[in-house]
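There are 2 protein chains.
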Amino acid sequence: MSDFEKVLDKSASKVEEQLKRMLPRVEGPEGRLNEAMRYAALAGGKRFRPFLALETANMFGVSEDRALRVAVAIECIHTYSLIHDDLPCMDDDDLRRGQPSTHIAFDEATAVLAGDGLQAFAFEVLAKDDTHEDPNIRVELVRQLARASGPRGMVGGQMIDLDSEGKTLDVGSLTRLHQLKTGALIAFACDAGAILGRASPALCRALHAYAHDLGLAYQVADDVLDVEGDRETLGKTAGKDAQAGKATFVSVLGLERAQAQAQLLANQAVQHLDIFDERADRLRQAAQFVVSRRA
Amino acid sequence: MSDFEKVLDKSASKVEEQLKRMLPRVEGPEGRLNEAMRYAALAGGKRFRPFLALETANMFGVSEDRALRVAVAIECIHTYSLIHDDLPCMDDDDLRRGQPSTHIAFDEATAVLAGDGLQAFAFEVLAKDDTHEDPNIRVELVRQLARASGPRGMVGGQMIDLDSEGKTLDVGSLTRLHQLKTGALIAFACDAGAILGRASPALCRALHAYAHDLGLAYQVADDVLDVEGDRETLGKTAGKDAQAGKATFVSVLGLERAQAQAQLLANQAVQHLDIFDERADRLRQAAQFVVSRRA
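First to last, the sequence lines map onto chains A and B. Heads up: the first sequence runs through residues 987 to 1281, numbered per the numbering used here. Heads up: the second sequence runs through residues 987 to 1281, numbered per the numbering used here.
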């Protein structure tokens, strides 16, 4: 395990603990819903988006308590999207993060509701006083997360993804698809730290540009892994996208050029950080991690 | 059409127009998503929740522009819940508001995403500057809507509802189910007007108590209509809940006692308004409308 992976691991543990503390307890007649929400959200995972929020918040001296609440909100949105993506009517995936998907462990109706509940919960967390004493900052976090995860962001990207099954996409269309589907939430994770830390517009722009390239590098590398990875190390069904007739960066560019493209994007991401001193070193490492990870 | 129904009708038209203006346009590769969101949200309906928000806001002198944005947010949440409730894995209903349900008119995956997108869109609308110049008020609207629609509100109620199929419920459990499933959002609609209008705590409490009883009266009357109504006037499959083996106020209390209970709750709702002068007359009429409507 590299030094960076240890850092990521430690951050993931903190996020896991915070999720455990904050998610609704399993009690009352609606207990099954809370159980499903906890099942999906506490299944481990790299917690890469929360890491980005914690790390950028830390760069601006934001207290970890506050940053962790925002990290939890982001992870709840990410988890809800995974639950819904795995549904039989969507990607129909039985396995997620190495365990049965929520609709398998529970049932489809509970999975739909658990996703719905996690989305509402994320916005409730951001809106509460504990997230920041300044309501301007809380409401800005809500506005940007809603945009990043909604029809002009993640959900819009998922629609394009479903619509493009069996179609030939060019690199431009594929790039737009992933900017919305995964890029928007990754970008929000970095923006969130800057919002919490009242960063200057110039620093906000630099972080946003970093996150933009990082998100794409992440997705291109994911497509490479999807081909190379095996079922065990990835914790999800490998090669699934290709089987489903979905265009991927590998199917469009070929394996070798996709790998090169991922590295190019990671390098570009790091260049946007030149405005920062060594405070941004972990973000620089994150960019390299994204393209060199094995799972 | 009674005078009150004319008022309700006019209010519904305004909300419909505002939804048309505000919902994302059908354009870009994600256009199918926006089309489905608009299809579901612009299908008519009484717009009773938006009416309550507009009416309570008006009682406190809030400008209609602001109140309409909040009304749109509430209706988007309500619409998303209807789309997801109608899914085959949930209530499996092919008809909604007299037209094919979203998953029939489009497909299941698009229906799931349209619901998800409408939820995010609702929070984005509330968080934007145009909703109110005071960020405290915007963030309070977000917090309360998230709570009312999330695991401790609407989604929790829907979970209890699904879980109770084929079970015998007593009046207490059935009441709690509906307080969460439909009552929480109806209560938020009234609370929202008071929040926008910076109403005093005493007036907020009175409105909340009114909304609580009104919401229950609405549901009891709905169960009565579900038995009495026919498919045509209701625009959804009548008697469906009873067929699905779900406990209803009619199955638990009997038709006659359920009718009496609805009227009792409506009267109780009106009593909570004694603190208001004739400003609240439309809310008083609304309580009577809820139990005397034929559809």
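Hint data in this document are derived by calculation from the structure and do not stem from the laboratory. Just so you know, these numbers come straight off a predicted model, no measurement behind them. The beta-carbon is built from N, C-alpha and C at its ideal position, and this holds for glycine as well. Mixed in with the good hints, there may be bad ones.
From the structure, some residues in chain B lie toward chain A, with a derived Cβ separation under 10 Å [to be verified]:
| hint | residue |
| --- | --- |
| 1 | Glu1016 |
| 2 | Gly1030 |
| 3 | Phe1034 |
| 4 | Asp1102 |
| 5 | Lys1114 |
| 6 | Ser1159 |
| 7 | His1194 |
Results for each hint:
1. Glu1016: holds, 4 Å
2. Gly1030: Interface hint status for glycine 1030 of chain B: violated (22 Å vs cutoff 10 Å).
3. Phe1034: Not OK, violated: phenylalanine 1034 of chain B not within 10 Å of chain A, min 21 Å.
4. Asp1102: Check passed: Cβ of aspartate 1102 of chain B comes within 5 Å of chain A, closer than 10 Å.
5. Lys1114: Cβ of lysine 1114 of chain B sits 6 Å from chain A, so the hint holds.
6. Ser1159: The hint holds - serine 1159 of chain B has a Cβ within 10 Å of chain A, the shortest such distance being about 7 Å.
7. His1194: The hint is violated - histidine 1194 of chain B has no Cβ within 10 Å of chain A, the shortest such distance being about 18 Å.
The structure fails to meet hints 2, 3, 7 from the earlier list, while all remaining hints are met.
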